[in-house]
Structure formats: structure tokens, C-alpha cells
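Asker: So the sequence lines, in the order shown, correspond to chains A and B. Using the numbering used here, you'd call the opening residue of the first sequence number 137 and step up by one each time. Using the numbering used here, you'd call the opening residue of the second sequence number 99 and step up by one each time.
Just so you know, the hints here were simulated from the structure itself, not pulled from any lab data. Be aware that one or more of the hints could be misleading.
According to the in silico footprint, chain A covers these stretches of chain B (three or more CB under 8 Å from chain A) [claimed, not checked]:
(1) 108-115
(2) 163-173
(3) 390-400
(4) 461-468
Here a beta-carbon is modelled for each residue, glycine too, at the ideal position from N, C-alpha and C.
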Amino acid sequence: MRASDLLHPRPEGLYCPPGDFFIDPVRPVERALITHGHSDHARSGHRSVLATQQTLDIMGLRYGEDFAGTTQAARFGQAIVLNDVSVSFHPAGHVLGSAQIAVEHQGMRIVASGDYKRQKDATCAAFEPIRCDVFITEATFGLPVFRHPPDSEEIGRLLKSAAQFPERSHLVGAYALGKAQRVMRLLRDAGYERPIYIHGALAKLSDYYQSQGIDLGELEPATVDSGGKDDFAGAIVVGPPSAFADRWARRFPDPISCFASGWMRIRQRAKQGGVELPLIISDHADWDELTATIKETGAGEIWVTHGREEALVRWCELEGIAAKPLHLVGYEDEGD
Amino acid sequence: MNRFAELLDRLVLTPSRNGKLTLLTDYFRSVEDPDRGLALAAITGDLSIAAVKPAMLRMLVTERMDPVLFGYSYDYVGDLAETVSLVWPQTPGHIANREPTLGEVVAKLQAASRSDGPKVLAGLLDSAGISARFAIIKLVTGGLRIGVSARLAKQALADFGKVDVAEIEGLWHGLSPPYTDLFAWLEGKAGKPERTALALFRPVMLSNPVGDGDLDKLDPADYAAEWKWDGIRVQAVAEGGVHRLYSRTGDDVSGAFPDLAEAMVFSATLDGELLVGDPRQATGTFSDLQQRLNRKTVTPKMQQQYPAFMRCYDLLQLGDEDLRGLPFRERRSRLEGFVSTLDPSRFDLSPFVDFADWQTLEGLRRAPPHPIIEGVMLKRWDSPYLAGRPKGPWFKWKRDPHTVDAVLMYAQRGHGKRSSFYSDYTFGVWSGAEGEEELVPVGKAYFGFTDEELKQIDKYVRDNTVERFGPVRSVRADRDNGLVLEVAFEGLNRSTRHKSGVAMRFPRISRLRWDKPANEADHIETLQALLDR
Chain A
137 MRASDLLHPR PEGLYCPPGD FFIDPVRPVE RALITHGHSD HARSGHRSVL
187 ATQQTLDIMG LRYGEDFAGT TQAARFGQAI VLNDVSVSFH PAGHVLGSAQ
237 IAVEHQGMRI VASGDYKRQK DATCAAFEPI RCDVFITEAT FGLPVFRHPP
287 DSEEIGRLLK SAAQFPERSH LVGAYALGKA QRVMRLLRDA GYERPIYIHG
337 ALAKLSDYYQ SQGIDLGELE PATVDSGGKD DFAGAIVVGP PSAFADRWAR
387 RFPDPISCFA SGWMRIRQRA KQGGVELPLI ISDHADWDEL TATIKETGAG
437 EIWVTHGREE ALVRWCELEG IAAKPLHLVG YEDEGD
Chain B
99 MNRFAELLDR LVLTPSRNGK LTLLTDYFRS VEDPDRGLAL AAITGDLSIA
149 AVKPAMLRML VTERMDPVLF GYSYDYVGDL AETVSLVWPQ TPGHIANREP
199 TLGEVVAKLQ AASRSDGPKV LAGLLDSAGI SARFAIIKLV TGGLRIGVSA
249 RLAKQALADF GKVDVAEIEG LWHGLSPPYT DLFAWLEGKA GKPERTALAL
299 FRPVMLSNPV GDGDLDKLDP ADYAAEWKWD GIRVQAVAEG GVHRLYSRTG
349 DDVSGAFPDL AEAMVFSATL DGELLVGDPR QATGTFSDLQ QRLNRKTVTP
399 KMQQQYPAFM RCYDLLQLGD EDLRGLPFRE RRSRLEGFVS TLDPSRFDLS
449 PFVDFADWQT LEGLRRAPPH PIIEGVMLKR WDSPYLAGRP KGPWFKWKRD
499 PHTVDAVLMY AQRGHGKRSS FYSDYTFGVW SGAEGEEELV PVGKAYFGFT
549 DEELKQIDKY VRDNTVERFG PVRSVRADRD NGLVLEVAFE GLNRSTRHKS
599 GVAMRFPRIS RLRWDKPANE ADHIETLQAL LDR
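Based on the provided sequences and hints, a complete structural model is requested.
Answerer: Here you go:
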């Protein structure tokens, strides 16, 4: 059989005809397999959802318990047969609960990696390369300019700045699922012991991470009740990036705006966003991780999706690996 | 190299002056010689390294990677130095044990000949990480563009050593990179460096604005008055065959005014205003003067069309004699005698303004006889020449600013304390025939309003946004809707860069005209009339 008979794009998302299921569909479908909890991949309203327990939990927190008709939890490495097709979930290293999905039928194996990264992350299970015939890779940072530095260095710069400007507060913009908790955990790993103040939008997910055994230390709501302006002097505050342009941010003294994202690699992106301290911390693979992973999977064919497809396809051509862009719509990298 | 690279990255994104000063002083404190002095020289533009052309850089990188991938990358990033710093391939196992220091980088670049320059640069890029590569490329392509002036760097040195910035300015031109003796003095490890070089800058005396009621306490008989010329403050120093023209912050601007510098055949230090024209016939306007400003080199034609001259108002040194301790009355009489010996097409004397009482002077201040006069200066007859801005001996009393009623068009979010406020405003006036009027932007202002007014404008902006572009919002502004701002400004220049053809000097919001309908704001013709005066 041809690979495209096993999986191909449809307007709803990536579809598997012999198994009759979709992977990360962007519209409600009968049966959905979901790689991770970011809202562009995990939508509510499917008849049945198969995902890791943590992804199901996260969807429940975000959409309410009735986000799908029925749910089934997949354990990492466990093969589940849907019609004649065998599927299995494997860690993707992107956010808590994130998975790659291997789809196997008549000797053909395709791995849909969802979003992934290779840098070590204490808040989720590490990516496992899976040998396959076709590897579907994301390309959020699919250009040779994207080279993420070690996250510990970036957190080091944040702590240095906090020491340099003790009278000001540092507002760290970080997406609510994954990045925010990773930033908090990195601060703890760097020995930062003071309470971390968080925006209300992060509370539920951060509590959930803590309940899953990921120690984020003492988190305090960044409300006016918890202190006057002076009490936030020297504080590190984590919130969704949009909150910092908002009136919400006025409670902080002369804040320094920071943003934790792979996009911060590009100075102009930081400048345009009014970011004073860019922190290049990404939950997506950078160029070197993407190309190394493609080689590790041993796949003879690469399908490239959401991001800068053309550069990665070009790289594959130069390496003699068949590659094509997979035109999927509706993914907006919420996670970075 | 990494600490220098980190400093550059922080400075370019830090908008506040105080923030920049903190970053600079921390750097001077934590980095050793000669690196900190070389970084200082790079920032003040005093580091000389043979330049590398962008085409060379592009060639070096495409020899090392697929040109198509480089093309995608450059298209995305848009900045050559940044793209090259990011995509430069690092051969695994080929990375040096440690990155080179700034001192090592500068030494290698300075030792490189024209022919082996590219090879040396490539070797340095091989040995460095991403941010260090960016800093190296910025050094060799010239122009750090990090928003730090030489003046700010000197202020940071002053803060670091807890000395007055005037002391740094006075020493500056006798020092050279890596400024080891300067840092040793600022750290209290050695004495103040000697002023051994010739024709050094002498820190200037500045004035205070006349405040409400200030004059009631002063006796007009104690003060001399002169016109306040709207040129640029300069200090002309000639000594032992060396002649230099300094700006008021001690930057050497001789190169831009060779015509004036050549006429400095004397041994003295003069304080005065640089203007264009022929002092015996006509003084040029500020627009004329602008033709000569901010140029590295100046053509003979430019020098002929807009000759520079100096309108002198003080004499600080004559031969070996330091006159700064003498009272103004005495310096002035020495100045009058001295200026009469100079080339009259290049030097003249700032005339006194006669007045008997403050009312008379007030009338003259409001209606000065020449467009390039922006008010009057008051100087106490008995005042010595003191560096800095002492309160009392010198006052500036400016003509009232011009005002215009303009309509708010765009608002941009501020930084730091103002990061959640729309605090930078672009405003426009009406242009076009009746019935077809449209707004043309004429300027941008971000101060002049109170905190309370800032909150009100911010709310107005949020409630009346029509479009967003990153941190900028475009605000509803048409004949029937819009916020009218009364904008005060010091003067107007012709501008080919702005659609409106005018550029305001020192614009600020003077009043919010909530009461005024947008269609009653001013027309561009009002501003054009000011230009043609």
C-alpha cells in the first residue's frame, strides 16, 4: 500500500481511511486521536477521543468534563487496534502528556509526531525516536536561523536581570499550558526559592502539573490583594503574554517585560513586541533537533507540516530523503 | 566576548535611560581591562577596525552553507548580521575550548591585513557562539546601533566612578582605548589621569530656564542680556597647533566644520553658538544650519552655500591664562578685544540686548527680531565660568512655544512604567481641499501630559481603536470623530522624509482639547505659513 492510503490530509485534519480516525482534527469528528492538549490540536466536540491520560485531563480542565462523547486513555508504548490498524502513543517531549502517534498497517508505519522537542524538560517525558517508514514532522522553527540555546542559560539571564533591577518586577510572558510551568520549574532548578507570582489564567493548569508530581514550588496569585505595588518589587511574575499589554499589568512597579518563546531568537520579533528581555525557551524542536530527528527515525519519506515547510523540504532534498509539505490547516502554534 | 554580546543585546531592547545606565555600570564593574575599555570604545565610536563589506559577509557564509537555505533564512530575518550570526555552521568537535575575549577579537581584527581580513573574520566566527558572532559582525560592519550615545556612555562612567560627568568630558579627548588609566581612577586605584593632550574640551556652563517668579527676586542691573541663538553650542579650542571644535557634551565635531576649524588660528578657548551664513551680512535659519549637521564629511559646495561661523559669547582661556575664574564682565571685555582680531567672516560677537527692566526684556523675548533667535539669555555680570548647571548665574528665557491643534491618529504602547499604557502619540492636521480633507501626520509626542491625562487618553485609545499593528493602534479619526490635542513645539523644519513636508522640533502635548470637534483642528497651511516666515 501507499503511505498516502494510510494517512492523508482532509479539511478536518489528518485522516486514516482503513482505521477511520483523525489525528488532531480541527473540526468535530467521529473518532479523534489527539497528540497533546494545546488548543489548536485538541478541540472539543468529538464523538470519541483517544489520547494519553494527561492530555485527556488537560482537555477536561480547559473545556469541561463533557468535552467529548467518550474518552479512552492510551499508555505510552501500548498498541491499540482500531479496525485493522495498530496505533501506539510515544512521548514527544513537547508538554505534559504530549505524544507522537505511530500508525501501522500491512507493514507500513507512519509516525505523526505532533509537536515535539529534544531539549531536556523536567515537566514532561522525553521524546523517543521511533523507527518508521514515513515521519511527519512539525516545522514551527524549520529554518536554520532557529537554534535554541540551553534553557538554563536563558533562565540565568532572567535571574541576573532580577538581581540587577531589584526595584522592578519581571513579567514573564509564557503560554498557559507547558511553557509557563516549564519556566517555573527552570527557576526552581536554578535555585530560585522565592514565591513565583502567577496570573489567574495559569492557576488550574499549574495546580494540575503539581498534582502530577512536577514540583513548581510556592506559587502566589498576582492579585492586588496579595500586595501593594511595592510588594511586587523584585518579583518574578508569570502570565500569558496578552496580559502584559493589558491594564492588569499596572499593578507592578516599572515592569520589565520578558517573553519566553522560540520566536525571541529574532531580535526584530522581540523589538516589535516591546519585549525588553527575550528568553529563548521553546517547546518546539529547533533546526538542529529537527534535522537530527529526521535522520534518527530512519524514515525514507518525510512529510512536513505547520511552519516553514520549504526549508526543511529543501534540506531533505539535499540529504537525498524524499520529502513533501503536508498542507494541513488550522494549526497556529499556541504553544510557543 | 559573551558578556559584551549580552550587553549589546540588552541595551538595544532597553528603552529607559536609567535601565541603560544600570546595564553599563554593571558591565564596567564586572568586566576587567582591557575588555571593558574596548567595549566602551566600541560604543562611543572610538574603536578603529578595518570594515568588512556586507557582500563579503554574504560570500563567506554561502561558501559554508546551501545558498537556498541561506536565502530563506535571510528573507525571514531581514538583517544580514543577525542572519549570518545564526546560520553560521558550527563544525561539531571544532569548537574551541573557550570563546575568545573581546580583547582577543579586537587584537586579531586590528592586526589583520586587507587581504587576510575575511579569513581572520571567518576564523573568529568559527570560534564563537551565536551572540558573540553577532557582536563580532557588528564590530566589523561598523555602527552598533544600540541606542547609546557617547554622552550616555560618559554618564555611565561618571555613575560608575561617582564623579561629575563634566570631569569625564574634560578628560575624554586626552584618553584612548582601552582607557585603563581612566578605569583605574574611577575605581579609586590611581589618581586622576593628567590632562597632557593639547586642545582638550573644557566642560561647559549651562543655564536654567526662568521659572515663575524667578525674576521678581532679581535686580536687572546685576544681569547682562544676550539673544539666545538657535544654533548649536560649540567650544573652539586651539592650542599648540591643534584645533578642535567640540559640541557641548565634548564630542569632537571638527570634521563636519572644516571651514570654521581652519579659521581657528589662535591660542584660546572660545564658547559660542555655531551658525551658518556670513555674520557681517545675514545669519542663516535653522533649516539652513541643518544642512550642515550630522555629516561625517562635507562637500566644498556645501561649505560655500552654508558657510559655518561662530557667534562668540565667552572666552575661557587665552594663551596660557585660564580666565574661567574671572567675573563675566571682565571675560566679556577680554572677549571683545580678542574677537576683533579674528577673521570677521568666521567669528563675531554675540551682541548685548539693552534693557532697563524685566518688562522691556519680556517684550523683546516674545518678539525677537530674527527667526533664529529663540529667546534671551541672562548672565550675571559677576559670575565666574562654572561647569555644569549652577542655579542663579545664567538663565535662559525662551520665546513662547508655537502651538497647533492636531488630531490623534496612532498610539503606541510605552515601556517600563508605561508598558500597559498607550503613551506615544502620532498626531495629524487636515490637508486637502474643502470636502476632501484628510489627516496627514505631522509629529509624534510622548510627554507633556499628567498621569491622570495619560489614563484618560489610554482609555480613549482602547475605546476607539480601528486597527492594530503590533504595539501600535490606529485610532478613529475623521471629520466627526477624534481627539484633538494641543501640541506645543519649538520650531518647524522642512522635511522630505515626512509626507506632510514638515518636521516639528521638540513637540509635546500641551493640552487635551476634549471640547474641540476634530474638524476644527488646524490645517497644514497653518504650519506651512510658519515655515515660510
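Asker: Could you run down the list of hints and mark each one as holding or not?
Answerer: Evaluation of the provided hints:
1. Restraint check on the region 108-115 of chain B versus chain A: 5 residues with Cβ-Cβ distances below 8 Å, three needed, restraint holds.
2. For a cut-off of 8 Å, the count of residues in the region 163-173 of chain B with a CB near a CB of chain A stands at 7, and the three-residue condition holds.
3. Residues of the region 390-400 of chain B lying with their CB closer than 8 Å to a CB of chain A number 0, which falls below the three-residue condition for coverage.
4. Counting residues of the region 461-468 of chain B whose C-beta sits closer than 8 Å to any C-beta of chain A gives 0, which falls short of three, so the coverage hint is violated.
Consistency note: the structure conflicts with the earlier hints numbered 3 and 4.
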